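The task is simple: from the sequences and hints, build the whole structure.
Protein chains: 2
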Amino acid sequence: MHVSTYCGWILIIVTISFASPTKPSTGCGYTACNLGDPTKLNVHIVSHTHDDVGWLKTIDQYYYGSRNNIQHAGVQYILDSVIRALDENADRRFIYVEIAFFWRWWNEQTDAMRNKVREFVNDGRLEFISGGWCMNDEAATHYNSIIDQHSLGAEFLRDQFGECGRPKIGWQVDPFGHSRDQGSLLAQMGFDGLFQGRVDYQDWQTRNRTKTMEMVWKTSTNLGNQSWLFTAILRDEYSPPDGLCFDDSCSDPPIMDDPRLHDYNVPERVQAFIQASRDQAAGYATNHIISPMGADFHYENANEWFKNLDKLIKYVNLEQANGSNVNTFYSTPSCYLYALNKAGRTWTTKTDDFFPYADRPHGFWTGYFTSRPALKLYERHSNNILQITRQLNAFSNSQLRDSIFVLSEAMGVVQHHDAVSGTEKQEVAFDYAQRLSVGIDNAIRVINKAFDKLLPKDTQPAPGPQFLCQVTNISECLPIQDQTRFTLTLWNPTVHPVLQHYRVPVTRSYTVRDPTGQPILSELIPVSNATKKIPGRTSTAGNQLIFRANLPALGFNTYLFEAKTTEENQEPKVKITQNAECILENQNIRVEIDAQGNLQHIVNLRKSVDVSFSSQGFYWYQGFAGNNSHPEFQASGAYVFRPLTQTAEPVSQTRTVTCIKALSVQIAVIIFNDWASQEISLYDEAQHVEVEWTIGPIPVNDNIGKEIIIRYDTDIQSQAKYYTDANGREVLERIRDYRPTWNYTILEPVSGNYYPINSRIWIKDQNRQFTVLTDRSEGGASLHDGSVEIMLHRRLLYDDDLGVSEALNESAFGEGLVVRGRHSLVVDASATSARIHRVSAQNMYMHPLAVYSLTQQTFANYSAAYRLTWSALTDVLPLNVHLLTLDQLGSKDYLIRVEHYFEMNEDDTYSHPVTIDLQSILKSIGTITNTVELTLGGNLPLAELQRLNWVTSDKESSHATDHKEPSLNDTSVRLTPMQIRTFQVTVA
Amino acid sequence: MHVSTYCGWILIIVTISFASPTKPSTGCGYTACNLGDPTKLNVHIVSHTHDDVGWLKTIDQYYYGSRNNIQHAGVQYILDSVIRALDENADRRFIYVEIAFFWRWWNEQTDAMRNKVREFVNDGRLEFISGGWCMNDEAATHYNSIIDQHSLGAEFLRDQFGECGRPKIGWQVDPFGHSRDQGSLLAQMGFDGLFQGRVDYQDWQTRNRTKTMEMVWKTSTNLGNQSWLFTAILRDEYSPPDGLCFDDSCSDPPIMDDPRLHDYNVPERVQAFIQASRDQAAGYATNHIISPMGADFHYENANEWFKNLDKLIKYVNLEQANGSNVNTFYSTPSCYLYALNKAGRTWTTKTDDFFPYADRPHGFWTGYFTSRPALKLYERHSNNILQITRQLNAFSNSQLRDSIFVLSEAMGVVQHHDAVSGTEKQEVAFDYAQRLSVGIDNAIRVINKAFDKLLPKDTQPAPGPQFLCQVTNISECLPIQDQTRFTLTLWNPTVHPVLQHYRVPVTRSYTVRDPTGQPILSELIPVSNATKKIPGRTSTAGNQLIFRANLPALGFNTYLFEAKTTEENQEPKVKITQNAECILENQNIRVEIDAQGNLQHIVNLRKSVDVSFSSQGFYWYQGFAGNNSHPEFQASGAYVFRPLTQTAEPVSQTRTVTCIKALSVQIAVIIFNDWASQEISLYDEAQHVEVEWTIGPIPVNDNIGKEIIIRYDTDIQSQAKYYTDANGREVLERIRDYRPTWNYTILEPVSGNYYPINSRIWIKDQNRQFTVLTDRSEGGASLHDGSVEIMLHRRLLYDDDLGVSEALNESAFGEGLVVRGRHSLVVDASATSARIHRVSAQNMYMHPLAVYSLTQQTFANYSAAYRLTWSALTDVLPLNVHLLTLDQLGSKDYLIRVEHYFEMNEDDTYSHPVTIDLQSILKSIGTITNTVELTLGGNLPLAELQRLNWVTSDKESSHATDHKEPSLNDTSVRLTPMQIRTFQVTVA
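In order, the protein sequences belong to chains A and B. Just so we're aligned, residue 1 is where the first sequence starts under full-length UniProt numbering, counting upward by one. Just so we're aligned, residue 1 is where the second sequence starts under full-length UniProt numbering, counting upward by one.
I should point out that these hints are in silico values taken from the structure, not numbers from a laboratory. Each hint should be verified, as a subset may be incorrect.
As the list makes no split between identical chains, a pair holds if one copy fits it or if it spans any two.
[To be verified] Straight-line Cα separation of at most 20 Å, DMTMM-like style, residue types lysine to aspartate or glutamate; simulated pairs:
#1 K314 - E581
#2 K311 - D908
#3 K116 - E88
#4 K314 - E108
#5 K311 - D111
It should be emphasised that the depicted structure is a prediction, and the values quoted were computed from it without experimental measurement.
Okay, structure coming up:
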């Protein structure tokens, strides 16, 4: 489809005022809740549908209800029929969650229908719960994108429904385990509570037995009680009680209440509900319980659910006349939560997270931490482009937010818990990638419009088109291949200058000039054979030209490439040796690799920290080939990681090593076999070691599914502890074979110790810390003291019977999928590692964007017409501050998120609060005339936020209102460790 | 359930006026039809649902949508959602057919909803088509019950919706072949046309090729052009075009018309519809085609169908701007028919019927003619009780029509084409039987109330309760067992006196007194061993007491039974011989059976007609055990009769014969084996021979399914011809291996020659006719000249893959089902046979009802208190007149149907028109003050009927209006052969 057709998509996302389009009635919000009967067991019936934003079908197939042969699901009909059903009985309530679908539906509605829906929202009959674009995954997502996807939904709801449409309750009922940062972010969005569906079965049993299914979750070690979130675990994921499903997809007996017909069954149905309610109540703390009535894509024919629920409620309550203590009514998660809040009791607390998730013995859902690693990287890559496009749009005042929406929307979709998680069908994975690709195509147009404004000096015409080379990771950039002259412009999205070595795949030699016009050092590094044989690579580039870019903060440099004539073609000599000892060393680090290709030491020369490796390299687990008929036969699949044995085997007995030494980089290319290799690079001046791994196609012609890890076995005395981040933010301590809140029975020694790694994992001892940073989300563990293993790629031949009904084979990619990625290894003292890994991780996920352009001009001509360097900043911003979001909302309005991205106590310098001036960031745009601090989701002035207060069993109060930052008097912003602050600013 | 709960059922069926409850708008009827564009191909989209009144689930399970694991279907939701969908777009149209469901739904609706529905009916947006209680089977049904089931629906519709609700169009889209009498009855109900879904595939192909899918069907050889019915055969049963099903049960692509989303498919969808329309039009005669959009239980979520049809219609018609000639719109069968009528063209005619039906080679649906023979008899038995109960209710002025409704309703349900047809699942067959049983229980209460009025003289108290003995066919009547005194009252429902031998199972001897007090001849006949071993029989009765009852017309006799003392116990001698020649002979007939039990001759002594039998007895076909994957592998099943070989094998090589000679009857008991026997009885003065056959349990422990026939191989030179009735009325000539309207390719020499036998089959030659009358519907054929075979019972081990998904094994009945039935054999001259078989058949389906009562009174005392005989008639009515219906509608109003039940030219005397006086029938009730002749369905004064006129290709006109009978000036009614006339009469 031609991209112009996407322009209609953004009709909705335009309003920026906080005024509600319809005056809210008094009918929404907590005050309108039915709080039941204090003398009875109150069963809050919550009618809901769980609409996966893609899984077995694509989001649009789900929306339209096409390809029902794959799965019967049509969201357009769900929303059609729910609105009809709400119209028929004012008692009925419904919640809706996934705005990606609701937005599609809303686009197709008449004004009359929209007004009717607004009425229902204002009356509390339709309530948006969670209200993100999707119900995001928690294990494979980055906080930047979680915030974005929630904000996208929240903005739509605010614009269309005002305050009554503002979500206050998290509803993460399907994600496969729960990250602490998800809770923290929701708390920062002003949410009053969170419902979860899936927690480890041992955890569930313990909590149910002790009536601690609901708790105050302390979601941050840095943010204090503003990050506390009341968290409730549902009875049975998000399903109705057994035998009481009235969806048209179910076969449970409906309420047959005409006594004249055969099969009259009211007494049996009433007793079934009463019994289920009592059974549930036995595991919960109060005389209120929540009963979700709905499941995946339910309510396609809402009448069936509601008609039977109407009857059920009527007859169950009539039974009170016979002494029943069960009182039931239509409710919402908000109202249930409010009833608990009003119960005037205290709640236990929890400080760890809900990973990993096992639904049964041997069923650890730790495979999806890594599943579909290519999609997982593409998602990060797309976010990088999205954030930079927003910055460019803002600094160029291009006002092309509508065009950026295509990528925002795609990113919102891909955060779904069956998207970036890798647990979707192959065809759907392709669709997600296509969405991102189309979004990037739109973003490139914005980027071009922006550079058309930012590059030309004075009245100069726009330069030639800028283009991306998105597969330079396999040394391919066809548009510049064989060109004699081109420019490479690098935009640094961070607020600090960065030094970056950049590689350009070339077929010839070039002189590279920096913005001053000086030729700078550039060296040709041969493209490895491992790269050359990657399927799909068509480039003839035999070398990568490597050079160092010193980029300004929040700005760009342009480098001009001029092909060398033959006589000029005198490259600095690159020394290459084969299968000899290979020592990589720069000012900071020495990496020692022996002649057999074994990594033996990494030494931090400045800190005198030496970590030695007993082994390092690639290993594989054999995926369990079960039929899933019993927990013992649980297969390893897209969700579940279950190795056949608990020992990973090396992918090869020997390896070859090629040692490449240039001035700007020293590289050891280590080939394990024809589908596994790594390049260990140490750049000049670098403080970390880069490992580029290449895995695939994983061979399965032996009919054995394989899960490939990289493992670092060090001499660090890690004492069973390891540390992994949550969504790229705070880091949690993990202890091998241990759970902080229950007596853990070990059934899967490997898989049960895996945790999500979104950005980093480390182990440490008293003086030394070994940190691995990842370019995407992966799963990993430390199964032995000193050891860190990270799963990189998975190819499996059995489905794990959790719904996707496909083996994670990725066989659509010819012989299988080749995946390449990067780790950064940081060897440092424990006390000073954060300074390296925090900055490196931030630069890794938000790295400079390279755009190329062909030109015929000499440097002199080009530099006369175009700026070669530019920075939005004139002030130096502190190293611990990150510009998370810069989004132009309207001609004068901008949304800015700034954050302190160090945790408390991890760095002597950078773990302290810091103050910055927002004006520094917007100086090039204009003078800030007004600043409104918003909740993290951007949908409510923080001053207006009132969260419910919860009291813990040790009598602490969440005192939510105490934590509101005062309104700004000026533009200076103080940030405490890990704090994110969100502002809408108006610029003169 | 206690029966009193049924009393609510009849809320609706009370109004008897013809005034419409809501004033019809001008929006219903033909004049409101969209007749399309004469320059285009007009595609009439007909949204419909086909709701089986029981099949895989019971009617109430279908209604409520329970047991969806068996089949997803919930009619309550269909009607809910269709009404909603009609409300959303005034262009939409829907038809509804099965009033058994609609009535259930209507009972549950509010007045507001009812008024909305009435509006839709008045606006022509909702149209009742066919409007019977069900879509009745045509092969296994009796005309009495077809009329009743249509009348039941028609009455409901008239009362609730008035003229706009009156069905005008038949919609027999699923029955498995079509009887000519069904067409005739619909014509007599005032219908303008009939749509059929299933005709033989060779017939369909021929008609489609010659564009004669639509025709004028001359449905009667007796009734002239008032019985002509325009008949249309649908494209593909009643399904939507391939790939264009938008029900939520389908997986065809919906119309995805938002070009912003992936999978936009409007052009493809439009072309698919246009192509399907052109393909269909190629087989039809005009530029109008009808496109049914719906199927079994479709529209449970009507929005899905309608939303997509709205879009389809819009985009298909938009395509006219690009030159498309396809014009499509929502329509109804009525409007389509009216468009054809307005086309001003002529139509071919057809005079035969549409039996048998084959859907593919080897797939002859002739098994269901016999399937579930027990249910087929129970249905007849129930009708017998129903008609008599109505008579008793009327003559006693009990005004208990509401109670009778339970049985009327059950009978309406059981006429369904998967009910009496025997093609339902076993559990559903049980449900049908239970419904009839409950209906009969209610009828018995009415019968008691009636006899409480009719029996006592003057101010005497009511007699003791009357009860039925419904299993006297296996010589069991437990309530009278061992009693010393009881009464037996026999009600004769015909308008002629009958002479009937009656058998009472007894454990002792009784003196039987007729109404005059005279002891009459009674003889004890031993109960056969075949009877004694029938599973479930618990009676200890060892004898049947046989006596002759001479019953008055339309009235009753009571017989008092007094147990004999031992010394009185001198029974007339019954002579019994074993395995000797057995000659049964009375005043009219001699039956010759040899010592080996072979029937050799039946001689009509008065007519000197001797039919000799080369063989007679039971044979079996081996049911084909196929997997149905290909026509060659078609299995024999509930629907399809497909024998493995074309030769039936005898069930035994030898047989035993016991010859019993009493004064009132002579019997040959012939045992073939332990599961097959017959009793050939010749009663004193009888003009026919009775054969009581007993079959079962059919052994299948050899893993062979068996289909049991009885065969009569005579010396009649039948010249390939045989004659079978249609629904108990007119008889059609059949010619072996021949079809009247197409060049027939023979693939199944046996099964393809089977036809339904609802009451009789005969063969004849110049002077002799051999007629077999049946007590229920069966399938039969004459496969060789002189031979008549009738299938009696079937037990099969394979499903025939036509949906029921159960083998017709009836294994729920322990070792299998034993079935017993009766045939009457008439041997007579061809010219005088009708006088016997017409009268006998009428007496067979409407035989006297026996009710018993215990008493302690002597005859003297009893006769002082109670009437022992009574007749409604004082006049003698002609033999060729039958009182088909007598139903008290209100305190003064009665519905009467009288019929001439002889065909033209079949009897010198009785084939002439006849005139009777309705007053004769109602004399005991009062004086008729007003008479309104109605259409056959009883829902419209005949004077108001206007049928569409059709012109045949030989320029005959149906001239429907010419055939209306003039309004009566008095109560005398003239009846022509086979004419049924329906009246509402008011009595002073």
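A quick look at each hint next to the structure:
For a Cα distance limit of 20 Å, the shortest separation of K314 from E581 qualifies neither inside one copy, at 81 Å, nor across copies, at 75 Å. In the homo-oligomer, the alpha carbons of K311 and D908 never lie at most 20 Å apart, since the shortest distance is 64 Å inside one protomer and 66 Å across protomers. In this assembly of identical chains, the alpha carbons of K116 and E88 lie at most 20 Å apart whether taken from the same copy (12 Å) or from different copies (14 Å). Only between protomers do K314 and E108 lie at most 20 Å apart by alpha-carbon distance; the minimum there is 16 Å, versus 35 Å within a single protomer.
Taking CA atoms no more than 20 Å apart as the test, K311 paired with D111 passes between copies only; the shortest distance there is 19 Å, against 33 Å inside one copy.
Hint check: violations occur at hints 1 and 2; the rest are consistent with the structure.
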